[in-house]
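Here our numbering is used: the first residue of the sequence shown is 4, the next is one more, and so on.
Just so you know, the hints here were simulated from the structure itself, not pulled from any lab data. Heads up, the beta-carbon is just placed ideally off N, CA and C, and yes, glycines get one too. All clues given are correct.
Cβ pair distances, simulated, as ranges: (1) Met4 - Gly42: 30 to 36 Å; (2) Glu70 - Arg40: 17 to 23 Å; (3) Met4 - Asn43: 34 to 40 Å; (4) Glu70 - Gly42: 18 to 24 Å; (5) Arg67 - Asp13: 18 to 24 Å.
List of simulated lysine to any residue pairs, SDA-like, C-alpha gap at most 25 Å: (6) Lys71 - Gly30; (7) Lys71 - Arg59; (8) Lys71 - Arg44; (9) Lys71 - Gly24; (10) Lys71 - Met5; (11) Lys71 - Arg34; (12) Lys71 - Gly60; (13) Lys71 - Arg28; (14) Lys71 - Met38; (15) Lys71 - Arg47; (16) Lys71 - Gly45; (17) Lys71 - Arg7; (18) Lys71 - Leu36; (19) Lys71 - Leu55; (20) Lys71 - Gly42; (21) Lys71 - Glu51; (22) Lys71 - Arg40; (23) Lys71 - Ile23; (24) Lys71 - His58; (25) Lys71 - Glu41; (26) Lys71 - Glu6; (27) Lys71 - Arg54; (28) Lys71 - Leu19; (29) Lys71 - Gly17; (30) Lys71 - Ala37; (31) Lys71 - Ala18; (32) Lys71 - Asp14; (33) Lys71 - Gly81; (34) Lys71 - Ser15; (35) Lys71 - Arg29; (36) Lys71 - Asn43; (37) Lys71 - Met4; (38) Lys71 - Ala35; (39) Lys71 - Leu11.
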Amino acid sequence: MMERFSILIDDSEGALMRVIGTIERRGWRVRALAMTREGNRGCRLELELARLPWHRGDPAILVRHLEKLIPVAAVDCGGRGAPPWTGQTPDRAMVPAAAGAGA
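Model the full structure from these sequences, guided by the hints.
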């Protein structure tokens, strides 16, 4: 099952690694990632995630875990309340994750 997340993070050192690490430890695989700068607010990540076969977790639980991270300012799952999912950023296209990466 694929889910789309929009996450606003600050641009502190290691913020992206903490977010991606939390996602992977909770049984999800990053299928695609786009990142844009949000002015002084930090960076917006648009992620397409796939559940690992053995994982039965709810996306709402992952949202709660991500919201607890210090560098995370906002999390939206499935486009509810976030800008429409485009898979494109002003300066970059969606970058698919490498096959077998993180496995």
